[in-house]
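Participant: Build out the structure end to end from the sequences listed, making use of the hints.
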Amino acid sequence: MIKVLFFAQLKDVLGTGQLEIDEPINDVAALRRTLQARGELWSEYLSAQRALVAVNQTIAHEDTRIGPNDEVAFFPPVTGG
Amino acid sequence: MIKVLFFAQLKDVLGTGQLEIDEPINDVAALRRTLQARGELWSEYLSAQRALVAVNQTIAHEDTRIGPNDEVAFFPPVTGG
Amino acid sequence: MTISVSVSTQVLDIQQLSAALQTASLGKCGALVTFTGLVRDFSTLSNVDALSLEHYPGMTERAMAALAEQAKDRWAVEHVVVCHRVGEMQSGDVIVFVGIASAHRAAAFDAAQFIMDQLKTCVPLWKKERSNGQWHWTAQKDSDRSQAARWSAPSGNGD
Amino acid sequence: MTISVSVSTQVLDIQQLSAALQTASLGKCGALVTFTGLVRDFSTLSNVDALSLEHYPGMTERAMAALAEQAKDRWAVEHVVVCHRVGEMQSGDVIVFVGIASAHRAAAFDAAQFIMDQLKTCVPLWKKERSNGQWHWTAQKDSDRSQAARWSAPSGNGD
Chain A
2 MIKVLFFAQL KDVLGTGQLE IDEPINDVAA LRRTLQARGE LWSEYLSAQR
52 ALVAVNQTIA HEDTRIGPND EVAFFPPVTG G
Chain B
2 MIKVLFFAQL KDVLGTGQLE IDEPINDVAA LRRTLQARGE LWSEYLSAQR
52 ALVAVNQTIA HEDTRIGPND EVAFFPPVTG G
Chain C
13 MTISVSVSTQ VLDIQQLSAA LQTASLGKCG ALVTFTGLVR DFSTLSNVDA
63 LSLEHYPGMT ERAMAALAEQ AKDRWAVEHV VVCHRVGEMQ SGDVIVFVGI
113 ASAHRAAAFD AAQFIMDQLK TCVPLWKKER SNGQWHWTAQ KDSDRSQAAR
163 WSAPSGNGD
Chain D
13 MTISVSVSTQ VLDIQQLSAA LQTASLGKCG ALVTFTGLVR DFSTLSNVDA
63 LSLEHYPGMT ERAMAALAEQ AKDRWAVEHV VVCHRVGEMQ SGDVIVFVGI
113 ASAHRAAAFD AAQFIMDQLK TCVPLWKKER SNGQWHWTAQ KDSDRSQAAR
163 WSAPSGNGD
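As they're listed, the protein sequences go chains A, B, C and D.
The numbering used here applies: residue 2 is where the first sequence begins, and numbers increase by one.
The numbering used here applies: residue 2 is where the second sequence begins, and numbers increase by one.
The numbering used here applies: residue 13 is where the third sequence begins, and numbers increase by one.
The numbering used here applies: residue 13 is where the fourth sequence begins, and numbers increase by one.
There's no promise every hint is true.
[As the list claims (entries may be wrong)] Subject to a maximum C-alpha distance of 27 Å in a straight line, what follows is the list of computed DSS-like cross-link-like pairs (lysine-lysine):
no., chain 1, residue 1, chain 2, residue 2
1, D, K84, B, K12
2, D, K139, D, K153
3, C, K153, D, K40
4, D, K153, C, K140
5, C, K84, D, K153
6, D, K40, C, K40
7, D, K140, D, K153
8, C, K153, D, K139
9, C, K140, C, K153
10, D, K153, C, K40
11, B, K12, D, K139
12, B, K4, D, K84
13, A, K12, C, K40
14, A, K4, C, K140
15, D, K40, B, K12
16, C, K140, A, K12
17, B, K4, D, K40
18, A, K4, C, K153
19, C, K139, A, K12
20, D, K139, C, K40
21, D, K84, D, K40
22, C, K153, C, K139
23, D, K40, C, K139
24, C, K84, C, K40
[Stated by the list, open to error] What follows is a list of derived Cβ distance ranges for each label pair:
no., chain 1, residue 1, chain 2, residue 2, range
25, D, D53, B, E72, 37 to 47 Å
26, C, N144, A, P69, 23 to 33 Å
27, C, D154, A, H62, 16 to 26 Å
28, A, N27, C, N144, 44 to 54 Å
No lab work stands behind these hints: they were computed from the structure.
The structure presented is a predicted model; accordingly, all values stated were derived computationally and were not measured.
Think of the CB as a built atom: it goes at the ideal place given N, C-alpha and C, for glycine as much as any other residue.
Facilitator: As structure tokens, this is what we get:
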């Protein structure tokens, strides 16, 4: 089971801040495709151009491996400071 | 009458922090020569290589004009901060 | 050598933060550099009447600590403090405080600028503003991206 | 827009100085940068047991004010504070404080570095250290001359 988190605009647009994925997923690219298949907003807002991704609280890339019990977060470009 | 000030190492070496010059002096270069004529230490420590000069509390150069009642200061490179 | 990072929903007191840095530095460090980011007056922006910051609890602290570690690897700095405010804020409130203590000033200035520039592109914090009763997420600025990018140049210093 | 410069024989309280800067900045300024120079522990130097700073009363303040004015002409800064300690000092004492408030952080960082770099070569202050009962005047460092010189390059910024 992979824990998936959404922050900021993504959370607002997708209407959820957290969900769980039970399917076997190998890497960030596969998780992104699985989530984008959920609908038009998901497809648009979770594109690699718009959504950054972190695996276990570290910035990740499309080929970063994902295993069971990992925490994966999607979020827009950051605007702190 | 020109008021001449010495600071830091110059004051220690020359043994005075202030003196007055009554002779007519036109510029920094002339004042420097007049003071350097006072002796070996004066000649050495007031050379243009070793002593900076300020006229009326603003950094000056060899050709800066000096008039009566001006305040001229000689001092080593600064080391504050 | 110490690193201190924190995220707070409470008002940040920069006098207290800088006093702690000064106390930690006594004797060893000749230079303290601090950066404080403040909420500007909303009235200068069109209709904005509130500001709020969301963050990713856990990752925010990890990302700030990673930047502090990078700064310590890159420059000869002794103490690094990074505090970020989250939640709703008022005009004049401190958003972020970065404090660096080092033997010499160039390292402290470079490290403080590096951390601020990187924080703007690498730490999971998101700003939103309310105007006319609606919250709007702030977009990342091009200038923030370019200021962060300059640190990846090979020479790496701020000169 | 304000400029405040001072020379003091008394202990400088950087919490009070930075609080005043923060209060002056409220609303208009998004960025505060401070630099504090501290006396390092004498025991790390060979036999040094006292430090003292001589200055040129009047010209010191004028020269610091001139640097603050140059910084305000060169960068978009709102408030500039420069305070320098003179006389005999203890380990841990503040020698110099520079505080800058501005709308954006790059201007505040550049102005603070500019003022410190120039202060080291343009403001009439002289440091001496006592070891084995003898006072020795400190020599100006080559690194201070080169750091000051970088600001006269045509581009003029610190990047």
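Participant: Just pull the numbers of the violated hints for me, sorted ascending.
Facilitator: Of the numbered hints given earlier, those the structure breaks are 1, 4, 6, 8, 12, 13, 15, 17, 18 and 26, listed in rising order.
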